[in-house]
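Model the full assembly from the supplied sequences, consistent with the hints where possible.
Listed in order, the protein sequences are those of chains A and B. Numbering follows our numbering, in which position 61 of the first sequence is assigned residue number 61; successive positions increment by one, without gaps. Numbering follows our numbering, in which position 5 of the second sequence is assigned residue number 5; successive positions increment by one, without gaps.
Simulated from the structure, these hints should not be mistaken for lab results. Careful: at least some of the hints might be erroneous.
Stated by the list, open to error - Across the chosen pairs, the derived CB separations fall in these ranges: (1) B/E84 <-> A/S128: 32 to 42 Å; (2) A/S128 <-> B/G80: 25 to 35 Å; (3) B/S69 <-> A/S85: 17 to 27 Å; (4) B/R54 <-> A/E1: 35 to 45 Å; (5) B/S31 <-> A/G66: 25 to 35 Å; (6) B/S66 <-> A/G16: 24 to 34 Å; (7) A/A40 <-> B/T110: 16 to 26 Å; (8) A/A88 <-> B/E99: 39 to 49 Å; (9) A/G66 <-> B/S71: 48 to 58 Å.
Stated by the list, open to error - Take a look, some chain A residues computed to stay more than 12 Å from chain B by CB distance: (10) V12; (11) R19; (12) T28; (13) N31; (14) Q39; (15) S49; (16) Y60; (17) N62; (18) R67; (19) S71; (20) N74; (21) K76; (22) G101; (23) D116; (24) G119.
Unchecked claim - Far from chain B by the CB rule (all over 12 Å, computed), these chain A residues: (25) G10; (26) T69; (27) S85; (28) C96; (29) P117.
Bear in mind the structure is a predicted one, so any value in this text is a computation, not a measurement. Every residue, glycine too, gets a C-beta built ideally from N, C-alpha and C.
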Amino acid sequence: EVQLVESGGGLVQPGGSLRLSCAAFGFTFSNYAMQWVRQAPGKGLEYVSAISSSADRTFYANSVKGRFTVSRDNSKNTLYLQMDSLRAEDMAVYYCVRDRGGYCSGGSCYPGSWFDPWGQGTLVTVSS
Amino acid sequence: NFMLTQPHSVSESPGKTVTITCTRSSGSIASYFVQWCQQRPGSAPITVIYENNRRPSGVPGRFSGSIDSSSNSASLTISGLKTEDEADYYCQSYDSSNENVVFGGGTKLTVL
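Listed below in structure tokens is the structure:
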């Protein structure tokens, strides 16, 4: 079964750091671009970040650029999101998604916008 | 950059058909594929339509998608509504200008 399992969420003070992980099961992780999407309490979905299958390119929403870093370890089938300088507005459920859209070229696959599956999400609370 | 605009809410009776629209603010709706995802209360989203009009395995045939270049919009149509269809629905597409994914604001579907 194809599955994504996020972990690492929790309570952090403003200005603090947190690292999210997403473990992938049931598919060849290294063949797919991966993305992070978040949802603030009671709000809609917001794109956060993406990474190509070989990690040669990374992408960020303007709201997190310079503060968040996406990475992956294809040997461990795991996606990461390092979040630094956290703000109250970063408080959200963070979802890991496999990207089945995009395109492949030169041995790497790059993000599109078709997500399947979505992980169950991990909650990040930013509060003092 | 562009925005995807959806109605905040729609409601319809069981057994009926409902259509949710997603209008692109600039650039052509046909530039990049549109996807739709469903999010039931307290659950993670799942994709119900990809590449404008294709259904992932396991999604009922009652769900269909389309795009209309004349109105620069995409639509999700759900026929034979069931109470289990009550959820938030989001459209999404790709913005090549900043290489980001764009989500619509979401539409709350009430089946009553």
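How the hints compare with the structure:
For the pair B/E84 and A/S128, the supplied restraint of 32 to 42 Å holds, since their beta-carbon distance comes to about 41 Å. Checked against the hint of 25 to 35 Å, the pair A/S128 and B/G80 fails, with Cβ atoms roughly 50 Å apart. One distance hint, 17 to 27 Å for the beta-carbon pair B/S69 and A/S85, is violated here, with the actual separation near 43 Å. Separated by about 21 Å at the C-beta atoms, B/R54 and A/E1 break the suggested range of 35 to 45 Å.
Under the hint 25 to 35 Å, the C-beta atoms of B/S31 and A/G66, about 28 Å apart, fit the expected range. Distance hint check: the CB atoms of B/S66 and A/G16 are about 46 Å apart, inconsistent with the given range 24 to 34 Å. Hint check: A/A40 to B/T110, Cβ distance near 22 Å, so the stated range 16 to 26 Å holds. Remark: the range hint 39 to 49 Å for A/A88 to B/E99 is contradicted by a beta-carbon distance near 27 Å.
A C-beta distance of roughly 38 Å is found between A/G66 and B/S71, which places it outside the suggested range of 48 to 58 Å. Look at A/V12: its CB is around 22 Å from the nearest CB on chain B, clear of 12 Å, so calling it non-interface holds up. The Cβ of A/R19 lies farther than 12 Å from every Cβ of chain B, with a closest approach of about 21 Å, so its non-interface assignment holds. Look at A/T28: its CB is around 19 Å from the nearest CB on chain B, clear of 12 Å, so calling it non-interface holds up.
Every CB of chain B is more than 12 Å from the CB of A/N31 (nearest about 18 Å), matching its label as outside the interface. A/Q39, annotated as away from the interface, has a beta carbon of chain B within 12 Å; the closest lies near 8 Å. The claim that A/S49 lies off the interface is violated: its Cβ sits roughly 9 Å from the closest Cβ of chain B, which falls inside the 12 Å cut-off. At roughly 8 Å, the least C-beta separation between A/Y60 and chain B is not larger than 12 Å, which violates its mark as non-interface.
Non-interface status of A/N62 relative to chain B is broken: a Cβ of that chain comes within 12 Å, the nearest being about 8 Å off. The claim that A/R67 lies off the interface holds: its Cβ sits roughly 16 Å from the closest Cβ of chain B, which is beyond the 12 Å cut-off. Every beta carbon of chain B lies more than 12 Å from that of A/S71, the smallest distance being close to 17 Å; the non-interface claim holds. The beta carbon of A/N74 sits about 21 Å from the closest Cβ of chain B, which is more than 12 Å, so the claim that it is off the interface holds.
Taking the minimum C-beta to C-beta distance to chain B, about 23 Å, the non-interface status of A/K76 holds against the 12 Å cut. Some Cβ of chain B comes within 12 Å of the Cβ of A/G101; the nearest lies about 7 Å off, and the non-interface call is violated. For A/D116, the condition that its CB be more than 12 Å from all CB atoms of chain B is violated, with the nearest at approximately 5 Å. For A/G119, the condition that its CB be more than 12 Å from all CB atoms of chain B is violated, with the nearest at approximately 7 Å.
For A/G10, the shortest C-beta to C-beta distance to chain B comes to about 18 Å, beyond the 12 Å cut-off, and the non-interface label holds. With a least CB separation of 16 Å from chain B, A/T69 remains clear of the 12 Å interface cut-off, as annotated. Here A/S85 stays apart from chain B, with its beta-carbon at least about 20 Å from theirs, past the 12 Å limit. Residue placement check: A/C96 does not keep its beta carbon more than 12 Å from all beta carbons of chain B (closest about 10 Å).
Chain B draws A/P117 into its interface by the beta-carbon criterion, the shortest separation being 7 Å against a cut-off of 12 Å.
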